[in-house]
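Peer 1: Chain by chain, the residues run as shown.
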Amino acid sequence: MTMTVHVDIVSAENEIFSGLAEMVFAPAELGEVGIAPRHAPLITKLLPGEVRVKVSDTETLEYHVSGGILEVQPHLVTVLADTAIRAADIDEASALEAKAKAEEMLSDKSGKIDFAKAQAELAQAMSQLRTLNRLRKRGR
Amino acid sequence: MAVGKEIRTQIASIKNTQKITRAMEMVAASKMRKTKDRMQATRPYSKKISQIIRHLAHANPEYKHPFLLARKVKRVGVIIITSDRGLCGGLNSNLFRTVLKDLAAWEKDNIEVDICTIGTKGSSFFAAINASIVAQIGKLGDTPHLNDIVGIIKVMLDSYTNGTIDELYVVSNEFVNTMTQKPVIEKLIPVVANELENDAEDHFGNKHWDYLYEPDAKDVLDTLLTRYIESIVYQGVVENNACEQSARMVAMKSASDNAGNIIDELQLVYNKARQAAITQEISEIVAGAAAV
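These protein sequences, in sequence, are chains W and F. Numbered per my numbering, the first sequence spans residues 1 to 140. Numbered per my numbering, the second sequence spans residues 141 to 432.
Since the hints were made in silico from the structure, they are not lab data. Do not rely on the hints blindly, as some may be mistaken.
[Said to hold, decoys possible] Reference listing, derived: stretches of chain F covered by chain W, where coverage requires no fewer than 3 residues with Cβ under 8 Å from a Cβ of chain W:
1) 261-275
2) 351-364
[Unchecked claim] In silico DSBU-like pairs for lysine-lysine, Cα to Cα no more than 35 Å straight-line:
3) K137/W x K155/F
4) K322/F x K174/F
5) K174/F x K101/W
6) K327/F x K204/F
7) K159/F x K412/F
8) K155/F x K322/F
9) K212/F x K99/W
10) K322/F x K101/W
11) K214/F x K45/W
12) K248/F x K279/F
13) K99/W x K327/F
[Claimed, not checked] A few chain F residues facing chain W, derived, Cβ under 7 Å:
14) P184
15) I189
16) I192
17) V290
18) G291
19) I292
20) K294
Virtual Cβ for every residue (Gly too), placed ideally from N, Cα, C.
Take these sequences, add in the hints, and give me the full structure.
Peer 2: In structure tokens, the structure reads:
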């Protein structure tokens, strides 16, 4: 019987593959790697590309990953796939956007009425009314 | 006969409200199922990645990442996950209460707090109490994607790296079951290895071994820890979504039931009024006939 290794491919949003394989090929940052069973422990980053899982001599499954991390234990291969293309500048841009949104929100405090805030005030007023009603009933 | 016209209109208007709340209840119920599935789907990734982090804690990396080291706390960052919309019972208010308690404790210790909010309810609440919000995002919708929250997490991680904040927390609702949601606060950085160690399937013991890092430990650990934190926050977002829908379902159900009770009461009042009017009319006719 050929040796097999357990392979898990997961992304943050769902599980992609889980099962036994004879060999796994992945696009590591320093070049494509092929992982056979009982490989030494290894952690490496993945580049966007194909992860191929050789289930048997006749069957090879292919999955596209847009980067991620590959972890290898002697009997376990884990691919943590990214769900989207990640690059430092894209991350930076969305970080700036989140910051800008916060500043924008804090700056236009005086302008238009914030719906959620208005609702919070309404809820407060309602609870005050309720208390008043209760007191009035008791007074009667 | 114009008896109880006001009561009739009132009953009609409450019936309309009941229709709306019942519709919302059903929408929330079907959305809850989907959000619960999504919550389940994120589990394998976070389980795997925390396993790897645990392996790392057992291995002996020659490089100590700053996210793993505790330092003296002068300022903390908090990521607060709330819903975008209201009408979900006490879900957000319970969360705010928990946060405010922690904020008060930190204030006592002279620790400043930077807040970053996910969800519009949180943004407006903490803006109203003049907390320092450094980043915010809202309107993620029913299918939040990891991409949407990457930016906001980077803001916090950057401010940890450059020393602005010394600890990072995340606050969100934990989905206990459909009826119960529990606000929880969790420490993200420094990543505590001890908490991760209770794992039965860890068969490596205390043997000294380490990974091969490609290209190098710093690079890999950087990415890995960032992904780890992202996955925890993402899971919080997805879980909070499930909480929101189930809380809304329960709130809307009790609203519909309440409307039903009020309608019953009003119906009774209306019937009595009508009966009284009829009786009075008959007695007037009888009295009139007797007088003739």
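Peer 1: If a hint holds in the structure, say so; if it does not, say that too.
Peer 2: Right, here's what the structure says about each hint:
1. 261-275: Per the Cβ count (9), the hint holds.
2. 351-364: holds (count 9)
3. K137/W x K155/F: This hinted pair holds, its Cα atoms lying about 27 Å apart.
4. K322/F x K174/F: Between K322/F and K174/F the Cα gap is close to 20 Å, so the pair holds against 35 Å.
5. K174/F x K101/W: Answer holds: K174/F to K101/W is near 29 Å, not above 35 Å.
6. K327/F x K204/F: holds (19 Å)
7. K159/F x K412/F: holds (26 Å)
8. K155/F x K322/F: holds (33 Å)
9. K212/F x K99/W: With Cα atoms ~26 Å apart, K212/F and K99/W stay inside 35 Å; holds.
10. K322/F x K101/W: Status holds; Cα separation ~29 Å.
11. K214/F x K45/W: holds (34 Å)
12. K248/F x K279/F: Since the Cα atoms of K248/F and K279/F sit roughly 34 Å apart, the hinted pair holds (cutoff 35 Å).
13. K99/W x K327/F: holds (22 Å)
14. P184: At 4 Å from the nearest chain W Cβ, P184/F passes the 7 Å test, so the hint holds.
15. I189: holds (6 Å)
16. I192: Holds, about 5 Å.
17. V290: V290/F check passes; min Cβ-Cβ to chain W is 6 Å, inside 7 Å.
18. G291: holds (3 Å)
19. I292: holds (4 Å)
20. K294: holds (4 Å)
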